[in-house]
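Colleague: Here are the chains, one letter per residue:
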Amino acid sequence: MSRHQYAMVMDLNKCLGCQTCTMACKKLWTDRDGTEYMYWNNVETRPGMGYPRQWDAIGGGWKDGNLQPSPIPSIDDYGRPFEYDYEQRLFEGKGKPVMPTPDPISGPNWDEDVGGMNGDDNFYFYLPRICNHCTNPACLAACPRQAIYKREEDGIVVLDQERCQGYRYCVAACPYKKIYFNEIMDKSEKCIFCYPRLEKGQVNACAAQCPGRLRFVGLLDDPESPVHKIVLVHKVALPLFPEKGTQPNVFYVPPFNPPKRGNYGKSILEDPRLPLEYLIYLFGPEVKDVIQRLEAELVRAQAGGRSEILQLLIGRDAETRYRIRPDLVQINPINKA
Amino acid sequence: MPTIRQASTLELSPLLRGTTGGFRRGVSTSPDPSLVRRGTHTHRYRFGLALLVVLSVTAATAKAASQPAGAPAVNLTVSAAASQLPADALLDPTAAAWETIASRQVALNRTPPLYDTDPPADSEISSAEVRMVRTGGKLLLRLAWKDATDDEAVIARPPATPPEQRRMKEHSEASNRFFDATAVMFPTNLSTGVVSPSLQMGDLRLPVTIYYWNAARGAMLMNAQGRGTTKRTGESFPARGVYRDGVWQVALELPAVPAGVPLAFAVWDGSQQDRDGRKYFSVWYRLQ
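If you read the protein sequences in the order shown, they are chains L and R.
Numbering of the first sequence is given in the working numbering, commencing with residue 1 and proceeding in unit increments.
Numbering of the second sequence is given in the working numbering, commencing with residue 1 and proceeding in unit increments.
Some hints here could point you the wrong way.
Said to hold, decoys possible - Derived PhoX-like pairs: lysine-lysine, alpha-carbon spacing no greater than 20 Å straight-line:
id, chain 1, residue 1, chain 2, residue 2
1, L, 187, R, 146
2, L, 288, L, 235
3, L, 26, R, 169
4, L, 260, L, 288
5, R, 231, L, 187
6, L, 235, L, 266
7, L, 27, R, 146
8, L, 26, L, 187
Think of the hints as simulated: they come from the structure by calculation, not from any bench.
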């Protein structure tokens with residue numbers, strides 16, 4: 001158990017699906033040889049295939065204290081990167097439209113905005129995903145090289161590139177498929193929760209760039225941090241697939257769209273825009289309580305009262321959304337000694 | 001020379017397959033203190049009985065080697081004949097000269113599933129043929145084994161120019177493929193006497209040196225002092241492999257290892273997702 005634990009909350013009601021977080025992460029961390037197909041941060045349409053395809057159904061994680069088997073996704077499950085033939089078409093006068101090569105057959109968020117049906121009505125929402133920096137990481141347990149470790153000072157899960165031999169047991173073990181194999185370097189890689197930024201007092205790049213201001217970052221064990229308040233005090237954010245047993249430290253405020261017909265007299269759960277079963281699939285049965293809690297706050301605010309949690313979730317400024325504590329976690333005193 | 005009992009190694013297989021003991025990784029020797037500090041080790045290794053079996057065979061091998069000529073029982077040796085053939089020519093594993101050199105079959109065992117998440121693998125490669133010859137101050141070795149699938153590839157090497165100065169980056173062509181490979185393991189200290197290191201990548205007292213060849217990534221020199229400690233040294237050595245008609249032939253050029261030294265062989269089958277300890281292995285043999 002690490003002494004502190006960084007955590008992130010993402011409010012799914014505010015996600016635009018714009019992928020600015022994805023690009024912020026890509027430019028900062030995965031613009032290298034062998035990393036083209038990797039998106040340490042991705043945003044996928046739900047319901048949907050996800051990235052990599054069917055990651056939520058193929059296995060990994062824990063059951064009864066045992067790691068669960070899983071295949072390693074193929075490059076086409078992630079989406080094979082393609083390039084456009086600008087030179088041939090635009091400069092060599094081939095006279096055909098600019099085309100991607102190889103022909104794209106899959107990709108991250110390939111089924112953008114397709115979603116699912118709720119009766120006669122289409123519904124979808126966006127799910128941004130990073131490594132969950134789990135308290136009980138399956139990847140760490142699966143690695144025979146002890147290349148993955150959880151930072152004692154802040155709970156961030158990192159992968160030591162020196163120790164990694166590219167065996168990919170971690171890729172299989174992670175139930176969220178948030179570890180990627182770099183075939184050029186023969187090493188696996190993962191989200192590092194932007195720890196070099198945190199150590200300088202800067203928030204994660206994905207959070208800093210988010211136009212929807214839906215990400216909250218801080219130490220889960222810091223009573224002043226927004227994540228502590230949202231997750232532990234107001235209890236309105238839940239981890240994804242808690243039954244996978246890894247105890248994620250990324251939490252989601254579930255989407256609680258208004259009722260379908262706009263009938264203010266009705267409860268969200270009476271006439272839901274998003275089928276409750278699907279939210280239960282993602283976040284477990286507790287999601288119902290969370291939605292009821294949020295709806296009660298909404299009712300109070302609509303009646304002219306003040307809701308502390310809704311004010312917090314608005315997240316007007318960076319000071320509200322983030323509480324970075326480089327003073328607490330910058331250097332591990334154990335290593336210093 | 002006493003007859004070699006191939007069965008002595010083959011008999012291991014059912015025993016190994018039958019081991020389902022719950023040894024935790026913490027039980028095995030972990031020499032690097034930083035490893036101990038880092039890990040919650042939650043895997044179970046099914047290696048308890050296997051380890052005992054391997055140790056007893058190792059002891060038997062050592063005993064056999066120390067016995068006078070004509071002694072019965074297990075004798076696991078591989079001979080390296082002296083030759084005038086140029087080493088360069090023998091680096092071609094298909095060179096006709098290899099066929100003139102005495103061969104012997106080395107029985108291979110399949111490791112049991114190492115991790116709870118490992119799907120069981122069929123034992124498809126039961127043996128490898130070994131030919132060894134000493135020439136020009138080198139020990140040349142050719143390993144050949146039947147493998148129904150050719151798992152090799154050319155993987156781009158990162159260009160010398162840093163990625164940030166290039167418009168195009170090299171792409172990972174695949175995320176889930178593994179490659180055929182082979183290796184020969186020696187004690188790092190070649191004068192171990194009758195004692196062989198642990199077959200599981202040596203041990204603290206007797207570290208091992210591994211000459212590893214991979215059908216995509218080439219030859220790599222590694223060392224280890226126990227399970228989970230294998231390190232790439234960054235050095236390479238001359239080696240060439242050719243896959244033809246369902247058979248891998250791989251020639252390795254090693255330093256002149258003296259007679260009497262223990263050595264062990266391993267083969268990985270890429271299509272069975274072999275890597276790490278998921279492989280085919282021989283017990284310790286003695287070089288003659």
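Colleague: Please go over all the hints and tell whether each is borne out by the structure.
Modeller: Outcome of the hint check:
With a CA separation close to 29 Å, the supplied pair residue 187 of chain L and residue 146 of chain R exceeds the 20 Å bound. For the suggested pair residue 288 of chain L and residue 235 of chain L, the alpha carbons sit about 12 Å apart, so the restraint of at most 20 Å is met. A distance of roughly 13 Å separates the Cα atoms of residue 26 of chain L and residue 169 of chain R; the hinted pair therefore holds under the 20 Å criterion. Between residue 260 of chain L and residue 288 of chain L, the direct Cα distance comes to roughly 17 Å. Compliance with the 20 Å bound is thereby established for this hinted pair.
Restraint check for residue 231 of chain R and residue 187 of chain L: satisfied, since their Cα atoms lie roughly 14 Å apart, inside the 20 Å limit. For the hint pairing residue 235 of chain L with residue 266 of chain L, the CA-to-CA distance comes to about 23 Å; that exceeds 20 Å, so the pair is violated. Using a Cα cut-off of 20 Å, the hinted pair residue 27 of chain L and residue 146 of chain R is violated, with the two alpha carbons roughly 46 Å apart. Distance restraint check for residue 26 of chain L and residue 187 of chain L: the Cα-Cα separation of roughly 18 Å lies within the 20 Å cut-off, and the hinted pair is therefore satisfied.
In this structure, the earlier hints numbered 1, 6, 7 are contradicted, and the remaining ones agree with it.
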